[in-house]
Amino acid sequence: MSGAQPVLWLPGGEEHDPIANKTFGFWLYMMSDALIFAALFAAYGVLDHRFNAAGGATARQVAHPVDAFWQTLAVFASVLAYSLAMVKLKAGSRLGVLLGLGAAALLGLVFIGLEIADFASLIGQGITPERSGFLSMFFVLVAVHGLHMLFGLLWIAVMMAQVALKGFTTEVVTRLLTLRLFWTFQASIWVCVFVFVYLRGAF
Amino acid sequence: MSLVHLQGSWTPWLGRLTLSVILYHNGIVDGAFVFAAVTGIVILGVITYYRKWGYLIREWITSLDHKKIGVMYILIGLVMMFRGFIDALMIRTQQMMADGPDSPGHLQALHGYLPPYHFDQIYSSHGTIMILFAVTPILVGLMNLIVPLQIGARDMAFPYLNAVSLWLTAAGAGLVMASLFIGDFSHAGWIGLIPLTELPYSPGVGVDYWMWAIQIGSVGTTLGTVNLIATIVKMRAPGMTWFRMPIFTWTALSTNIIGLTAFPVLGVALALLGCDRYLGTHFYTAGLGGNLMLFTDLFWIWGHPEVYFLVLPAFGIISEIIPTFSERPLFGYITMVAATFAIAGISWSVWLHHFFTMGAGPDVNGFFSVATMLVGIPTGVKVFNWAFTLYRGRLRFDTPMLWAVGAVFLLLVGGLTGMMLAIPPINYTIHNSVFVVAHFHCMVLVVAFSIFGAIAYWFPKVFGFRLDEHNGKRVFACFSLGTFLVFAAMFALGFMGMTRRLDYLADPHWKPLLIVEEIGVFFYCVACYYFFRMLHVSIRDRAKNRVGADAWGTGRSPEWIARSPVPFYNFAATPHFNALDEAAWRRGQGLSDVAPRDYEPIATPKNTIAPPLIGALAFGFGFGMVWRIWWMAGLSLIAIIGVVILRSFATETEHVISAEQIRSMETTGSSVGIVTDHISPPVAEAEAFL
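Going down the list, the protein sequences come from chains A and B.
Numbering follows UniProt numbering, with no gaps: position 132 of the first sequence is 132.
Numbering follows UniProt numbering, with no gaps: position 422 of the second sequence is 422.
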């Protein structure tokens with residue numbers, strides 16, 4: 001063989017960036033989550049019809065966009081608080097990150113509280129998921145998003161503990177970044193819920 | 001929202017579980033129970049007698065090694081495939097016996113030996129098991145084993161997640177098996193015929209078993225797709241550019257993209273059914289604003305991509321085997337990649353062809369008909385590529401090659417009948433006939449043939465010795481003969497008007513062909529026997545059949561430059577790739593035996609008990625939900641979340657092997673494959689977490 005020897009082995013050549021790998025993997029997971037919501041929105045599109053209301057309440061009677069607007073503000077403010085925590089992460093301030101995460105969690109709780117109050121008032125009026133196909137869909141779509149928010153709140157709590165106990169290790173920083181992705185994604189799903197369920201239902 | 005009211009007894013501690021659901025008065029179930037109990041006791045006894053519990057837990061159950069996880073996936077799949085085959089045997093026997101009004105009845109059945117309700121459960125579990133718990137795990141296992149080797153990676157991108165996927169799949173399979181003895185399985189078909197799966201028509205636990213087994217298993221599969229895509233995109237070794245990737249890795253990528261986008265829809269379809277059955281909602285009910293076709297649509301939006309999820313890796317396997325045994329590079333590599341992604345792309349837009357007879361109208365049916373026929377173009381490209389690879393090749397008919405060529409023939413039969421079914425007027429005529437059953441069995445058997453080929457082909461890479469060729473060829477001969485007899489007869493019966501899922505057949509003229517099918521099933525049984533014999537003989541004579549890195553002498557793709565059996569660290573030094581078909585290129589340049597000069601320390605993930613624990617808890621959750629034992633389901637769910645959080649606090653999850661250790665293992669050639677008599681070094685030195 002003429003010329004340079006071909007390179008067959010590169011010892012230690014597998015320099016994989018752990019943060020990049022995990023972030024990419026988490027984007028893929030978000031893709032599957034997006035598909036869950038896509039299927040639910042498609043099902044909502046099918047069942048949002050007066051035949052499927054079966055004589056019960058229709059979208060106009062259950063969707064209160066003004067109430068939902070306060071939820072929108074809460075979830076947006078929560079994402080903003082999380083972003084401020086990320087600014088403090090760049091500065092390396094543990095206290096700043098903890099405060100930002102705490103504020104995000106508090107606003108997330110406000111969102112969940114408003115949603116529970118909304119559901120309670122509907123059920124108080126006899127508008128329950130068992131009444132019709134449309135109402136089943138309405139409650140389950142909104143509740144699936146709510147469950148994601150609850151899961152995010154649990155995750156924020158765990159991350160606050162990890163930031164406090166472990167500091168900014170590579171793993172903790174990776175998780176803070178993926179959690180931001182998750183939290184922002186749930187906020188954008190709420191935008192879709194707000195537009196397709198609440199705005200479209202009321203007008 | 002409140003829980004639905006159920007007929008029958010319910011207690012807080014045991015839910016719907018009573019002694020009467022376990023003690024059956026059915027000879028067949030009792031027989032199966034005795035068989036399973038005896039086999040189980042023998043296996044547990046052997047493990048205890050040889051003191052292998054520590055070995056099993058340390059080396060396998062808590063392992064995060066992608067090869068061991070792959071082998072465990074395949075083992076689960078093979079066991080479930082055997083169970084699914086027994087179901088098939090029972091279906092065929094019942095139909096042969098229960099043909100015509102004069103056919104005798106045995107064991108409480110009016111005709112044949114299975115009462116209708118039992119027969120319905122058997123065909124439902126046959127379909128569910130074969131598709132979701134046999135073929136899917138085996139393919140996922142093969143991708144787990146081979147993809148990291150083909151791209152020069154040490155492991156998957158997320159080894160811990162990989163183990164979680166495996167044990168969730170195991171939990172789902174476990175639920176299906178539990179339904180055999182505790183309660184009963186769904187009687188509504190593997191596709192969950194709606195509204196038969198709704199509570200008023202199926203008040204028992206069968207549908208719940210079906211639903212939760214699939215739900216838990218498919219969470220595992222979805223997480224697995226994330227892992228494989230990230231591995232292929234992010235973990236390729238230097239020089240492994242996109243267009244040097246072996247076709248099997250390409251098909252793995254495309255198939256996992258399908259899986260990632262399709263399985264969540266199945267999750268939604270089943271979760272909404274779960275809301276109907278547990279919370280009394282009305283998504284799919286026949287009244288109060290439910291929509292029956294919503295379930296059917298959602299199910300097949302997953303279901304059809306799932307079919308290609310199965311068949312694309314099979315195409316990848318065929319594309320690996322044929323060049324090796326033709327001693328030629330694969331013809332049309334780029335077109336093969338393009339065809340793979342074309343099939344994946346079309347897979348999302350053909351689901352409605354499963355129910356043309358729904359009556360969506362000519363426009364909708366026309367669209368899906370044309371889309372379905374488009375699949376034939378890239379598939380045709382693949383078949384021609386394989387044919388041109390064979391053309392003027394130096395052909396050797398070892399066992400893997402026989403399976404691969406057999407698969408191509410089956411693909412032709414299955415594909416051409418598929419083209420017939422894609423035409424709505426024909427479809428209206430033969431919808432729900434056994435012609436359809438014969439068609440899709442030909443397609444799924446393409447996958448089965450490829451799986452058996454892949455097992456014979458890659459077995460020496462993983463274990464270091466070849467499977468016995470003599471018995472392997474007998475398995476192939478009997479399996480092929482069985483396939484021909486069963487499905488040639490079934491195509492004919494379809495044209496004669498026989499419909500699907502019948503426990504009693506009215507027309508005695510079908511009898512001769514039904515007997516032909518039964519003879520075919522007999523040949524499948526013989527193939528089963530030779531399969532076990534092949535394993536026995538191969539393990540007994542393993543010293544004779546040891547192989548080097550290039551087990552077949554003509555391997556082309558990069559896994560053949562790793563040692564056989566593959567050490568736990570895969571490659572002693574990271575390989576650098578110079579060509580498509582790296583192994584063939586190195587052989588051509590005379591570089592096959594060039595070992596790395598230097599070694600670097602290698603980090604491998606430490607073992608952990610968390611994934612099997614999550615699997616066991618998922619089983620507990622599923623079992624609790626099926627029997628409505630709320631405390632069990634609730635505690636299991638909380639415990640799963642607890643284990644995940646605890647694990648996230650773990651530190652030092654990796655173990656580093658020094659360069660000297662690797663050098664000594666490489667130069668002494670000590671066996672560091674996945675089946676060793678001694679404890680492999682990373683395990684001996686690393687404490688298992690939790």
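Simulated from the structure, these hints should not be mistaken for laboratory data.
Keep in mind it's a predicted model, so treat the numbers as computed, not measured.
Think of the CB as a built atom: it goes at the ideal place given N, C-alpha and C, for glycine as much as any other residue.
A few of these clues could be false.
[Said to hold, decoys possible] For lysine-lysine, the following DSSO-like pairs were computed, each having C-alpha atoms within a straight-line distance of at most 27 Å: (1) A:K22 - A:K88; (2) B:K544 - B:K473; (3) A:K90 - A:K22; (4) A:K90 - B:K234; (5) A:K166 - A:K90; (6) A:K22 - B:K511.
[As the list claims (entries may be wrong)] One side of the interface only, derived from the structure: several residues of chain A facing chain B at Cβ under 7 Å: (7) L8; (8) V46; (9) D118; (10) G126; (11) S132; (12) F134; (13) V140.
To see whether the hints hold, each was checked on the structure:
The suggested pairing of K22 of chain A with K88 of chain A holds, with an alpha-carbon distance near 22 Å, which does not exceed 27 Å. With a C-alpha separation of about 18 Å, the suggested pairing of K544 of chain B with K473 of chain B holds against the 27 Å cut-off. Taken as a hint, the K90 of chain A and K22 of chain A pair is honoured in the structure, with Cα atoms around 19 Å apart against an allowance of 27 Å. With a CA separation close to 26 Å, the supplied pair K90 of chain A and K234 of chain B stays within the 27 Å bound.
With a C-alpha separation of about 17 Å, the suggested pairing of K166 of chain A with K90 of chain A holds against the 27 Å cut-off. Distance check on the hinted pair: K22 of chain A and K511 of chain B sit about 59 Å apart at the alpha-carbon level, beyond 27 Å; violated. Because the smallest distance between the Cβ of L8 of chain A and any Cβ of chain B comes to about 5 Å, under 7 Å, the interface hint for this residue holds. Taken as an interface hint, V46 of chain A checks out: its beta carbon lies about 5 Å from the nearest beta carbon of chain B, inside 7 Å.
For the restraint placing D118 of chain A at the interface with chain B, the shortest Cβ-Cβ distance is roughly 14 Å, beyond the 7 Å limit, so the hint is violated. About 13 Å separates the beta-carbon of G126 of chain A from the nearest beta-carbon of chain B, more than 7 Å, and the hint is not met. Using the Cβ-Cβ criterion of 7 Å, the hint placing S132 of chain A at the interface with chain B is satisfied: the shortest such distance is roughly 4 Å. Restraint check, F134 of chain A versus chain B: the minimum CB separation of about 6 Å is within 7 Å; hint holds.
For the restraint placing V140 of chain A at the interface with chain B, the shortest Cβ-Cβ distance is roughly 6 Å, inside the 7 Å limit, so the hint holds.
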